Structures are given as structure tokens and as C-alpha cells.
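Q: Sequence:
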Amino acid sequence: MIESIENMMSLTPLYHSLERATIIGNADGDWSPCNDGATITFNATVHTNTINICNGPYAGVSEAFTVDRSENDQAFVEILTTVAQSLVSQIDCWPSSGLTTAVMLAVISKHVSLMRMSLLPSLARCENMAASETLPCMVHNWLGERRIALGIALTHPHLYWPELYIQPTVLHESSQQFIDDPFAILLGAGKSSENEEIDPSQISRLKIQAQRPNDYEEQLTILKNLASLDIHYWLTAATQHKLLKCEKLFYNQTPEDKLSNWFLVDLKASQLLDPIRHQLAYCQQVLVLQHIKD
Numbered sequence: 006m007i008e009s010i011e012n013m014m015s016l017t018p019l020y021h022s023l024e025r026a027t028i029i030g031n032a033d034g035d036w037s038p039c040n041d042g043a044t045i046t047f048n049a050t051v052h053t054n055t056i057n058i059c060n061g062p063y064a065g066v067s068e069a070f071t072v073d074r075s076e077n078d079q080a081f082v083e084i085l086t087t088v089a090q091s092l093v094s095q096i097d098c099w100p101s102s103g104l105t106t107a108v109m110l111a112v113i114s115k116h117v118s119l120m121r122m123s124l125l126p127s128l129a130r131c132e133n134m135a136a137s138e139t140l141p142c143m144v145h146n147w148l149g150e151r152r153i154a155l156g157i158a159l160t161h162p163h164l165y166w167p168e169l170y171i172q173p174t175v176l177h178e179s180s181q182q183f184i185d186d187p188f189a190i191l192l193g194a195g196k197s198s199e200n201e202e203i204d205p206s207q208i209s210r211l212k213i214q215a216q217r218p219n220d221y222e223e224q225l226t227i228l229k230n231l232a233s234l235d236i237h238y239w240l241t242a243a244t245q246h247k248l249l250k251c252e253k254l255f256y257n258q259t260p261e262d263k264l265s266n267w268f269l270v271d272l273k274a275s276q277l278l279d280p281i282r283h284q285l286a287y288c289q290q291v292l293v294l295q296h297i298k299d
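For the record, in the sequence shown the residue sitting at position 219 is 224 according to this note's numbering, with numbers rising by one throughout.
Hints may be right or wrong, so weigh each one.
[Said to hold, decoys possible] With a straight-line cut-off of 30 angstroms between C-alpha atoms, the simulated DSSO-like cross-links for lysine-lysine are:
id, residue 1, residue 2
1, 212, 229
2, 253, 263
3, 253, 229
4, 253, 212
5, 263, 273
6, 253, 273
7, 263, 229
8, 250, 263
9, 212, 273
10, 250, 212
11, 250, 273
12, 250, 229
13, 212, 263
14, 229, 273
Please keep in mind that the hints were generated in silico from the structure rather than gathered at the bench.
Computed from a predicted model, the values in this text were never measured in an experiment.
Hey, can you work out the whole structure from these sequences and the hints?
A: Here is the structure:
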């Protein structure tokens, strides 16, 4: 009992220092440390008066995270690790430092502002990337992270997170209107819903495999059609079950041990993933908002 009380007292300065906090993500944009409360950054930063959080592999340590310049770095690491472990079962993947920190502060802080953090880093590969090289952001389930983030943001009014809420992509050209259910095409063979079997003979579908497909150009055309599809078609067919299945397409937590879906590591195909994933993220946002209203 005494030990428990002492542990709680040792955390008091840390909790007090985080009552007001600003989280700065790694997206592009100018920023400066906040004068009111703590400012939290991730990985490398040019500012030295922020609390800086790194994931363990980035920092080259065995622990899940490292924390510098907080009131109690070790306690901060332990809390982050506990939160991250609790999130794994919800997104089937180790969470990013940004989401983990946001969930932690949703519980212990009184006011949190989040900047430069939409939880949708680009999956588009650069031309100078080696074929064996993977994007660092590819190891996280960003659609799953947004699902969790929307849930906490909409139920914790002290979180100010404007960049989390996105608009559907505005299309300047007519969409391919023959696609009744884009999820059936995106999810490939199997089921597009809990009770609906996809007949592969009736539909050209995306191939979910590690090897580059033999019908490569046709597969690129499928991705192009999906990337140019109006949000109406996605929303009409969207269900939570389909969106959960789609999450698994866009990440590989252990690319060093497990081959990635071919479109994640192909230069041309990867350029088409962001607009598709954006529409999926918007569908998820709509469904979450509808659930909150209900």
C-alpha cells in the first residue's frame, strides 16, 4: 500500500507538467514550441526545449520508446509502453508513437492540441528508392490508427485535433461509374462483406500477393480506376466490416521478415495508393460520426 502511494506521488510532477500539452507530428509545416504547457515532438527535432519521444528501433534501444526532457522520462516510457500494448489488439499492429501519445494524453491531460498529424503519411515511393527499401511509415496500420484516433477525439472534447478530420477528394474528371462495389475490387478474391462471396469470374480485382502480378498493366489500371472513383461509390458500399478488411492491405509491420503486398513496394502502383486510402479514411470518418450521433 505504501509503495503504491509512493509510486503515485512520484508521477504527480509528470502528470502536472502534462495538464496542457501540444503534440507536434512529423508532417510538413512550420512550428515552434508552445509557451503554454508542454510541447511534445517525435524522433529528431531542431528544438531542444521540447519533450522528445522516439520509438525504440529508431533510437537503437531495446525498450519500446525513449523519452527525453520530461519530468520523469522512465515513467513516461512505461506509460507509453502500456498504452501501446493495449492498442495492439485493436489495430492488429504496433502503434505509432504519435497515436500512443495522443491516447495517453487523452486520459491524463486537461487540454491537448495536435498539429501536423493527420495519421495519413504518404505511401508513394520515390524514384531513387532501392527495390529492397521500404518506407518507414509502411510498418504502421494508419487506417486502423485513424479509427482509434477518431474514437478518442470525438469522445474527449479537450483534444483539439483539426487535421484529423479530412474532406473527400475533389475529382476534376468523371469517375468510372461501372463500379458498383469498389470494395469487392479492392479486396480481391474472397468476401466483400460478411455474407457475400465475390465471384472472381465476374469482376476484375486487385491481386493481393507479394509477387509482381503477370497482368501488371491491368492491375495498374484497376488501381487507377479506384483512385479516380468518386466518394459516392465508396460511401454507398462502405461497411465497418469491409473497412476493417481494407486496413490490412496498406501496411506490413515486419517487412524484414514478411514480404509486402506488391503494390506497396512497386513505384508506379504506390503512387495510386494515397487517393484510395484517403477515400477509405473518409468513409471511416463518416461511419464513426454516424455511430457517435446514434
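Q: Against this structure, judge whether each hint is valid.
A: Here is how each hint holds up against the structure:
no., hint, result
1, 212 to 229, "holds (14 angstroms)"
2, 253 to 263, "holds (13 angstroms)"
3, 253 to 229, "holds (20 angstroms)"
4, 253 to 212, "holds (13 angstroms)"
5, 263 to 273, "holds (21 angstroms)"
6, 253 to 273, "holds (20 angstroms)"
7, 263 to 229, "holds (26 angstroms)"
8, 250 to 263, "holds (19 angstroms)"
9, 212 to 273, "holds (15 angstroms)"
10, 250 to 212, "holds (14 angstroms)"
11, 250 to 273, "holds (23 angstroms)"
12, 250 to 229, "holds (20 angstroms)"
13, 212 to 263, "holds (17 angstroms)"
14, 229 to 273, "holds (10 angstroms)"
Hint violations for this structure: none, all hints satisfied.
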